[in-house]
Amino acid sequence: MKLRLCLFLAAISLALATVPAETARRPRYGGVLRVEIGPAVSSLEPTTGSANPEENAAREQLDSLLFDHRNPDGTFSGVASSGPFQIAEWEPGKHATLTANENALGGRPFVDSIQIQMGRAARDMLLDLELGKTDLAEIPVEQARRAVDRGVRVSMSQPDELLALVFPAGRAITDDARVREALAAAIDRASIVNFILQKNGEAAGGLLPQWSSGTAFLFSTAADAARAKELWAQITGSPKLVLGYDSGDPLEQSVAERIVVNARETGISLMAQAIPRAGPATPAAFDARLMRLRMPSPLPRAALMNFLETLGPLAKIDASPLPDPASPQDIYDRERAVVSSYRVAPLVWLPQVHGLSVRVRNWKAPGPGETWPLADVWLEGAAETSGEKEKP
Amino acid sequence: MRPSRQLLLSHCAIVVLLLAVFSGATLAQDSSHTNQPAQPEQAAPLAQAQLPAKWNDAVRALAEKIAGATGSPRRISLDVRNISSLDSSATSLIRQAIQSELAANGFKSGAGGLRVRVTLSEGTDGYIWVAEIEQGDAVQVAAVSLSRSTNSDTSLHAAPVLQKRTVWEQADPFLDFLERQMMTIPISVFTVLERDRVAMYEGSTGHWGHFSGGGFISISPGSRDIRGRLTAPINGKIKMFVATTMCANPPFLYCVDSPGQEWPVGDGWESHYAPGRNYFTGLSAKWVTIDGGVRPFFTLSRMEYDHGSDWIQTELDGMARLYSFSTKPRAAFSGWGDDLASVKPGCGGSWHVLVTGTGDWTQVDYIQLYEINNERPMPIGQRLEFSGPILSMWTSDDKKSARVVSKNLQTGMYEASIVSVSCSD
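Those protein sequences? They're chains A and B, same order as listed.
Numbered according to our numbering, the first sequence terminates at residue 422, and the numbering increases by one at each position without gaps.
Numbered according to our numbering, the second sequence terminates at residue 682, and the numbering increases by one at each position without gaps.
It is possible that some hints are incorrect.
Stated by the list, open to error - Sample of chain A residues lacking proximity to chain B, with all beta carbon distances greater than 10 Å (derived):
(1) R180
(2) M186
(3) R208
(4) D218
(5) P269
(6) R294
(7) P358
(8) Q359
As the list claims (entries may be wrong) - Restraint ranges, calculated between C-beta atoms of paired labels, are given here:
(9) B/S366 <-> A/G397: 35 to 43 Å
(10) B/L371 <-> A/G397: 34 to 42 Å
(11) A/R322 <-> B/A395: 27 to 35 Å
(12) B/L371 <-> A/S350: 27 to 35 Å
(13) A/A152 <-> B/S607: 54 to 62 Å
(14) B/A368 <-> A/N86: 53 to 61 Å
Read the hints as simulated data drawn from the structure, not as lab findings.
No residue lacks a Cβ here, since even glycine has one placed at the ideal position from N, Cα and C.
Starting from the given sequences, assemble the full structure and let the hints guide the process.
Next comes the structure, spelled out in structure tokens:
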């Protein structure tokens, strides 16, 4: 119990490891919060979609600051500036300044304004965090360790994004379940976690993380090279497999290259190939692809249903609704059925990583379905005047 | 200079006039899923019967599933492991309970039998107990779930010791609470003040269940760290302060909102709530003159002596300052949180100050007891740890304890606790 409590305390304190000496607990008002984001958001219209998933996610973050109503699909809408902040300046794709809404429904935010720089490269954001030029920026999970080593204060959420290997249906080679099982068994998840993610992630065996479902421990994450070789030996014709990954995602590229190495070690012929983000839709030229699936909810049923709805049409897996409410047994059984089909091979769970300046307080790493809690953030040392300044 | 007192209603607009004690059905229905009295869940030793009832139900359900999976009673080899936040004593009890339940179903335990591994796990929805039943090469999985609840958290330390008694928990945030015995009828009422409503429950400590009334409070948009306080009933009437709104009840809930709303911050002392903020400005006191204006503050704690009163207030610059009828502080203390409460335990006779810890709402918190000695704070005893931030702390009316509202970061529940100073050695 004590060990678990210690781990729990350590986990929630992770983000605050380098916070300076603390002098308060109640939020202070005032100050300008400086934020940098990678995507260049061109429009704040909630209905505006982009081919770039990062831009869509960033726009949702901004919308959550401006609108008070959240739709069932997770997007935000409502009267302009009905949320905790109002737009003061807007330069599409480059810069935005938001000011605190004095009449916000949940109360006025603690900071006076937020200055957002868009279209920033990951290395530039990391540098600005090191130099104290920004208060908040996203950090790719594979760079989290490096950021910590460079003295950046890092906030890490619970792992809530699944990186999985998905076998699209309709490909002659991978319609043979033995091929799928062989490749899934060949993957060394531990090395992905240890070397690519620098231990900032968890090996995944099921479709939900342990902290959500409570049953992830029932799924094996160990590689089984012998089983992979045995299955592959049964396949005639020595087929050559193509593994697709998002061309704009360095993490997916690294993982794909690692899987290629694992596959070759077991005799499986596999080649990694980037999938362009933009351009005309073409028939899938890959036998398997890497996919990121972010949990929309911490609740296991909702998260699993979302995943199945996404994966179902692609991999032709059972996406029929689970009972509502669903028991842990129901959820486990469905997960097991999907994993046992080898249409989806869960690889790793990824946390959301943010870099923070030392003056940021009340930052809580957003959980699944949550947005940045910038209305609750306050800044150390930027408080409103507190009256007389002299001390005894 | 004595700050001028405003007449309570002179600048007030009556913003809400709601019937207070509307029949409990509507609110009770809303509350039933989120509010519950905190009940000790810490298992007592050695017998299944001493497990909480719902744990027994879960044990029974899991044993039935194991029995169903195995088909007929036989010898089994049971292994129980815990990967949840349950402690070892609870794990041991659950193991014994499962063994007992399986025995009652005709199973005998022993080496070489059918291997059954039970894992005590947990997820978002609560505890999940999973049985893996090995039958040859196949493994059958059976799972049961049960919700988490607060464990008994009364704790004792070396003298003088802080004691915490958790009396309530609910999923929604609340600002203050009050336990009181009704004067005219033999029942107790537990009042919970939330940001926009007040709810009252009948029952007794640990068993507040029956919703008996309440009402909604309409407040102006204000702070995200809104402050609220309930005052002891005078002639059966409770006053409720939420930011710049003051409400009273019974016979019906009526509220007035005023930008300069005065709050009680000590016996006969009042201060103005800063509109749209989370702190107070100014100080007025009956019968005495406070020289000059005081700094804005979050919390003020007053200590009465024969020769007069001292007070400590936590200020916006993160310092706590000690005053004696002057706006010139006598001493300043650093490293304190923003909430404090003065208490006078019955045994010692001197005033002590309960002080919360530093940090923010994402961190665990604590209360440290201090005695102010020659203008220096002397920590006494050990800290009383909390599983999350303390959101408010007010001195109780008996001056011997404090009402504490905190958030449990493990369960996500908001908890009401009475913290008192024990005088036993």
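Violations among the numbered hints, reported as their numbers in ascending order:
7, 8
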